[in-house]
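Numbering-wise (UniProt numbering), the sequence shown opens with residue 1 and increments by one.
Hints listed in this document are in silico derivations from the structure and should not be mistaken for laboratory results.
Worth double-checking, as some hints may not be accurate.
[Claimed, not checked] Have a look at the derived ranges for each label pair, beta carbon to beta carbon:
hint, residue 1, residue 2, range
1, G110, I151, 15 to 21 Å
2, G143, T18, 18 to 24 Å
3, Q142, A34, 22 to 28 Å
4, Q159, G100, 37 to 43 Å
5, D103, I151, 41 to 47 Å
6, N27, Q159, 36 to 42 Å
For glycine and all other residues, C-beta sits at the position ideal for the given N, C-alpha and C.
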Amino acid sequence: MVKIPSVSNTLVIQSYRTESVPEWIANCLDSVRAWAALQAYEYRFIGDEILDYVPPWYRDRAGGRMPVITDLGRLIATRKALTDGAGTVVWIDADVVVFGPDDLRADIDGDHAFAREIWVQPGGNGLKVYRNVHNAYCIFRQGNPILDFYIHACLSVMQRVDG
Numbered sequence: 001m002v003k004i005p006s007v008s009n010t011l012v013i014q015s016y017r018t019e020s021v022p023e024w025i026a027n028c029l030d031s032v033r034a035w036a037a038l039q040a041y042e043y044r045f046i047g048d049e050i051l052d053y054v055p056p057w058y059r060d061r062a063g064g065r066m067p068v069i070t071d072l073g074r075l076i077a078t079r080k081a082l083t084d085g086a087g088t089v090v091w092i093d094a095d096v097v098v099f100g101p102d103d104l105r106a107d108i109d110g111d112h113a114f115a116r117e118i119w120v121q122p123g124g125n126g127l128k129v130y131r132n133v134h135n136a137y138c139i140f141r142q143g144n145p146i147l148d149f150y151i152h153a154c155l156s157v158m159q160r161v162d163g
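Based on the sequences and whatever the hints tell you, model everything.
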């Protein structure tokens, strides 16, 4: 785990494997690390140890679907960081690149936030555009009720999966 300390009470967390990292992912990680430093946020990188946050039964039922497994890992790592004293935790997926570091902010009015995603793919007569809420960039503050509910929902859904 790599930590870069800060003078603020905001922690940015990212996770990815540490071996055979594609150059484009390394560039994305570097852009987020630079953004965190620019904002004077603490930065923490978590490698494969993100899997340690996820109960074995959950990993088994997820059937090797790493995005499902690491989604829960990110939530539990975020909760631990808040419990350990971070005032705000910002999770940013490893495949997110920060193009405008002066424009990306984590100072939100509420106690949580999620990114909006615009996904474009081939559709019936051309391109289909999907607009969704996405957790590739999410923010949680101390005392928010959403994080514990989100963790509970992930665990509850997976308990119903046959494998």
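Review point. Which of the listed hints are broken here?
Key: 2 and 5
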